[in-house]
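Required output: the full structure, derived from the provided sequences and hints.
Line by line, the protein sequences give chains A and B. Heads up, the first sequence is in numbering that gives the first Met the number 0, so the first residue is 0 and it goes up one at a time. Heads up, the second sequence is in numbering that gives the first Met the number 0, so the first residue is 0 and it goes up one at a time.
Don't read these hints as lab results, they were simulated from the structure. Note that the structure is predicted; figures quoted are calculated from it, not measured. Note that CB positions come from ideal geometry on N, CA and C, so glycine has one too. Hints may contain errors.
Unchecked claim - Straight-line alpha carbon distances no greater than 27 Å define the calculated DSS-like cross-link-like pairs of lysine-lysine that follow: (1) 53(B) / 251(A); (2) 251(A) / 467(B); (3) 298(B) / 323(B); (4) 322(B) / 467(B); (5) 251(A) / 128(B); (6) 251(A) / 298(B).
Stated by the list, open to error - Derived, one-sided and incomplete: chain A residues facing chain B with beta-carbon distance under 7 Å: (7) 164; (8) 168; (9) 171; (10) 174; (11) 177; (12) 181; (13) 247; (14) 259; (15) 285; (16) 303; (17) 307; (18) 333.
To be verified - To spell it out: a stretch of chain B is covered by chain A in this simulated footprint if at least three of its residues, at any positions, have a beta carbon under 8 Å from a beta carbon of chain A; those stretches are: (19) 8-17; (20) 33-46.
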Amino acid sequence: MPFADPYLLPIAGLLTAIGLTEIYRLNPDDAFRQGIWIVVGVAFFALALFVLRHDYRRLETYKYLFGLTAIALLLLPILPLVGKTVNGARLWVQVSSLRFQPGELAKIMLIVFLAGYMREKREVLAQGRLKDWGPLLVIWALAMLVLLETRDLGGGLLYFGIFLAMLYVATARVAYVAVGLGLFLVGAVGVWRITPHVRERVTIWIHPWTEHKVYCPTSQHFDLRQNCQSFQLVKSLYSIGNGEYAGTGLGKGTFESVDGTQLIPGINTDFIYSALAQELGLIGAAALLLVYMIFVLRGMRISLLAQDGFSKLAAAGLTFGFALQTFIIVGGILRIIPLTGITLPFVSYGGSSVVANFLLLAGLLLVSNRANREMLR
Amino acid sequence: MNRQVSHIGVASLVLLAALIVGTTYWQTWANAGLADRQDNAIRTVAQFTIKRGKIYAADGKTLLARNVAKQVDGQTLYFRRYPAGPLFADIVGYSTQSHNRTGLEESYNDYLTGSNANLDTVFRSALDKLRGTTISGNDLVLTVRPGVQALALRALRGKCGAVVALEPSTGRVLAMATNPTYNPNLVEHHFAQATKTNAPCGAPLFNRATQGLFVPGSSFKVVTASAALDTGRFTPQSTFEDPGYCLEYGKQVHNFADQSGPEVFGTVSFPTALEHSINAVFCNIGKSIGAFTILDYMKRYGFYSVPPLETPLNERQASGLYKKGKLFYPKKAYQVDVGRLAFGQAVPDLFATPLQMAMVAGAIGNHGAMMRPQLIERVVSPGGKTITHLRPDRLGRPIKQRTAAELTSMMELVVSGGTGTAAQISGIRVAGKTGTAEQAGTRLNTTWFIAFAPADAPRVAVAVVLEKQAGSGGSVAAPIAKQVMEALLR
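Structure (structure tokens):
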């Protein structure tokens, strides 16, 4: 890949290293497992680069296969035998002792499908005839179905956000984005009304602290909400606040109470940002987010430089998905939006996440290699 | 297409920038609010990462509070141990995770954790934080003598009560014992066991010396006598007629309980009336000078305000008249039974803390000047530098020097030949006053003895109170006061 973007791989390496360091600090055993997953992820990364070294655009021919596989993967956790509910969201597939989140891989496949489909149908979609709304409505319905069945507000927002962003790039119609967002809001309110799990998430978001005791479903007693449902969010905010400007220093943060119990469940997966923010402080956390921004800038630059529609759409979709996923988890932790569990790209502990992020990186490198080569020609 | 790509690129960057803003908000703007939250376990842990200062008794050697290090989550946490056990429990208090803090551990937390605003400490703590080394707090050295404290607690064994000993000229607290008490080492993990007691009155965590409200009985007569002499309405030469009772609201209130000698004394002088604690005489003095004169002198002695001391405010109580559990200052004279007030058994209830009565004795002994009671001799930095040290502070002058001298000789009579002979120390002139208040509905008494010695230049003033005693102040409280004074004067 002589012409590939020179920034992306080092940035991904840096983020992976930061994540691995923090995971090691929190739980050395998990860090070892994460190390194995990084090796697996790099292997997939190398394989993808090798297989697609001549022309990745032949993937476009298999777009429907990718689309169907993505939908199948998304619906996999709903299946009775293999599906598994963790923390109230049905996002996991378990086959004997191997557990993974198919949604992470589905995200990449969905982007490949959308890039191929939209490149083909760009013009007709832009005309806005009623029959061309079909795919939009189908995708919207599917996203809502996934949202409903997996009770995963964050995942739904992510897939639909990627879809709308790519649709906007393909058709240049702001109205589609507006209508799409409207439909998502209607759907979200609907889900909020019928799903207690989602309703609870919103309540926690708006009122994490209560001054009077409220009913606590887990203990079945009355308790302050910060000691019950919003426990995780509130403890995570304390962790971030404790970092102040300069942080406590790596290894010097407090993640356990005096008697040695873990303060924040899921600290090395979804909540790794609150661990980093405490130990690195505002300076370190802002630096980390700036690194994400550089990644996004490079990704968008690749999309701008790409010569064909499929490459542009794919690179934009992958980059926007990366940014939106970061926003959904960190924004949730920071109480900017309701909290939903999703991994922080490259940093969080988790096998499926690591593999998917390395495939995303491979995709961006492939597109940039081709774009730069054609520029020089 | 490129325009749209740059649009979503900008949108992505805005989303990520919002995260930086959000992080900034929680780490700077909202940080103080988060830190103050009660359920913020990180702050609780942070308190335990500090090597709290040690606490020593007056000899500078007897260790009252130290730390033990424990590794939790790769951090070294420091937990408190109290080598003296129950001996200083009510003064030092405890610092725990499960039951927070009390005593000096609470009120001097800033000094003990090195977070006091003193320049030297601020500089050192900031340096420690930068270096990443453990922050060490400042050590406290108390004024309390460990030997006398142990003696006082031993004297109280099996009884419910308190002993307070002060140095009248400086206000130093030389001993402050209360019984029942508790073992502060048990509070963290065995709280139920710490609060258990064999004593007949319970509540071992309650510091009777500063919080206990007891009816002062005849020991209060020194306040009435102060008012009578200091206003010039009576002199030591004044004589009184004692019929054996006093007319209150047309009813006879008989001499009782604490009195020594015959039932009816006939014509007596003022010193004799105090010496033998004749209720009828004080009842008439009270009626003569009026309730507001007595109340005025109570306030001068510090009644109606919480006595100053370094322990937390909620561990001290104000003395005075109480009505329905609340401090009550009458607006009209008829609201208080002045005759009974004058001999210390008023309706509404007259209550005094042992600390307050020790301050009264100390003020009389210190020629009428009342000194602020203080428990902290000095605060020493981990480097051995003294940060602050005790400076004697005069709270006020409740009575004239002449009044103090007159009262002193009258109180000497109490010990030499009156109700308090049990407090005599050979070779030393002791001035004192007994008190015995009947406990309503029982045949038991609250017994008092307040005293200072040597009478001409006192080095110790003491107040002893015992609840639920069959005997009188002179028979049960005075011997304890004598023991404590003897130990301190030796």
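(request) Would you settle whether the hint for residue 171(A) is holds or violated, based on the nearest Cβ-Cβ distance to chain B being less than 7 Å? (result) holds (5 Å)
(request) Could you grab the alpha-carbon distance between residue 251(A) and residue 128(B) and see if it respects the 27 Å cut-off? (result) holds (12 Å)
(request) Please work out if residue 251(A) and residue 298(B) have their alpha carbons no farther apart than 27 Å. (result) violated (54 Å)
(message) Please verify whether residue 53(B) and residue 251(A) have alpha carbons no more than 27 Å apart.
(response) Between residue 53(B) and residue 251(A) the Cα gap is close to 25 Å, so the pair holds against 27 Å.
(message) Given the hinted pair residue 298(B) and residue 323(B), is their Cα-Cα distance within 27 Å?
(response) holds (20 Å)
(message) The hint names residue 177(A) as touching chain B; please verify it with the least Cβ-Cβ distance against 7 Å.
(response) With a closest approach of 14 Å, the residue 177(A) hint is violated.
(request) Let me know if the C-beta of residue 259(A) comes in closer than 7 Å to any C-beta of chain B, holds or violated. (result) This hint holds: residue 259(A) lies near chain B, its Cβ roughly 5 Å from the closest one there, short of 7 Å.
(message) For the restraint on residue 333(A), tell me whether the closest CB of chain B is nearer than 7 Å.
(response) holds (4 Å)
(request) Classify the hint on residue 303(A) as holds or violated, based on whether any CB of chain B lies nearer than 7 Å to its CB. (result) holds (5 Å)
(request) Tell me if residue 168(A) is really an interface residue toward chain B, meaning its C-beta lies closer than 7 Å to one of theirs. (result) holds (4 Å)
(message) Less than 7 Å between beta-carbons is the criterion; does residue 181(A) satisfy it with respect to chain B?
(response) Violated: closest Cβ of chain B sits about 17 Å from residue 181(A), beyond 7 Å.
(message) Count the residues of the region 8-17 of chain B whose Cβ falls closer than 8 Å to any Cβ of chain A, and tell me whether that reaches three.
(response) holds (count 8)
Comparing the model with each numbered hint stated earlier shows that hints 2, 6, 10, 11, 12, 13, 17 do not hold.
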